Amino acid sequence: MGQLRIEVTQSEAAPEITVLRFEGDLDNASIRNIGSSFQLIIEKNSTYVVADMSGVSMLSSAALGEIMGGRKALVEHGGDLVLACLSLPIKTKLTLLGANRIFRLHSDIRSAINAYKWEFEGKSEVFTLSMPPALRFVPSARQFASRLAGLKGYSRRDAFRIETIVDEICNNAIEHAPADSKRNVALTLSIDRRKVEINVINASDPVKLETLRRMLSGAKEPPQPTIEDRRGRGLALVKLLSNGLDIDFSEQGTRVHATKLKEE
Amino acid sequence: MDSQIKLEFEDVKDHRDAKLVRFIGDLDATNVETVLEKVFALLCDGYVNIIADFGKLRYVNSTGLGILLHFSKSAQEKGGSFKIANVNENVYEIIEIIGAMSLLQIYDNLEEAMAALK
Chain A
-18 MGQLRIEVTQ SEAAPEITVL RFEGDLDNAS IRNIGSSFQL IIEKNSTYVV
32 ADMSGVSMLS SAALGEIMGG RKALVEHGGD LVLACLSLPI KTKLTLLGAN
82 RIFRLHSDIR SAINAYKWEF EGKSEVFTLS MPPALRFVPS ARQFASRLAG
132 LKGYSRRDAF RIETIVDEIC NNAIEHAPAD SKRNVALTLS IDRRKVEINV
182 INASDPVKLE TLRRMLSGAK EPPQPTIEDR RGRGLALVKL LSNGLDIDFS
232 EQGTRVHATK LKEE
Chain B
931 MDSQIKLEFE DVKDHRDAKL VRFIGDLDAT NVETVLEKVF ALLCDGYVNI
981 IADFGKLRYV NSTGLGILLH FSKSAQEKGG SFKIANVNEN VYEIIEIIGA
1031 MSLLQIYDNL EEAMAALK
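Protein chains in written order, with this note's numbering: chain A, -18 to 245; chain B, 931 to 1048.
Here chain A stands alone, though its shape is the one from the complex (with noise of 0.2 angstroms):
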């Protein structure tokens, strides 16, 4: 593709965050030109950027050498540089280097500002799922919570209790609903990198509802399980897996909430 061209914008979806993009080939004659990119981010204190390699033809040696330097400085600084669009050669090439152990790798650039507001503002991504009063789609629901969990950096101990709690929850609340109900139970999940927050919304059956009002005002810790007691007791042991849990009763739906901080 031949001579380098580089392109300095801020990010319109994250204005703090540098996009730096590539074009052509990243060879030995182009390394004054990257350097000298890294410290006009620098000066201009930018520190978190995104690099596009959509445009990038070839990498030498050399050229991802300045482009470590270039990290190094950003990261004294405060900030960090990932690299984002890869062909499949270029991210071949910075594997066999052992790059990809120094640099994050994004498939895109909106990933990469996802991955950025994840880890420093600490924003937290919503997912909501809504399904038939049946016990038959719990699971998929709790695998889900579950591969979700791992896939943001939560242990395997805390996604198998984030599991548990996802399945007790929801099986209470179809188990809880009217016979007939048809209104769909709603499973939010709200995820950081601190906390998972585990929303339940379903319709109410007034009956049932004063069980479990009767069951949770006297769930203890831990939860007294007989041999007789053939259910267990579902909502106890959220009690104890969780770091908090509240449940909103109403005759338009019963609402119930927990939260589970990541183990550290």
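Calculated directly from the structure, the hints in this document are not laboratory data. Do not rely on the hints blindly, as some may be mistaken.
Which bits of chain B does chain A cover? Going by a derived footprint, with three or more residues having C-beta under 8 angstroms, they are [to be verified]:
1. 954 to 962
2. 980 to 992
3. 1031 to 1044
Keep in mind the model is a prediction, meaning the values are calculated, not measured. Every residue, glycine too, gets a C-beta built ideally from N, C-alpha and C.
Here the structure of chain A is known, so what remains is to put chain B in place on it, guided by the hints.
Chain B alone, transformed into the frame defined by chain A:
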């Protein structure tokens, strides 16, 4: 879709009234009834000593735990036992948190569970 669980059955050497049951998959509210039927069938057929191998049981919830307690009680009433082995750490934590440790016979491995058979 119901959660997947599979039970595999094996005879236990030198114990004609015992059966080894391997639980494979997830035990939850969607499949407890199926598991209940199959294990109760064993008890009714005279296999009053059941050893449950949980080595491949990934997940259990409070409903699943409830039927395990039920198996334990029923087996004891028939003069037998329901022993559990190879519990993974996540399932173990659930059993512990829910306070069922003293109500279930849990062993580190199958050898210990079998050695405990009368």
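Verification of the hints:
1. 954 to 962: holds (count 4)
2. 980 to 992: holds (count 3)
3. 1031 to 1044: Coverage by chain A is violated for the region 1031 to 1044 of chain B (1 residues, Cβ < 8 angstroms).
Of the numbered hints stated above, the single one contradicted by the structure is hint 3.
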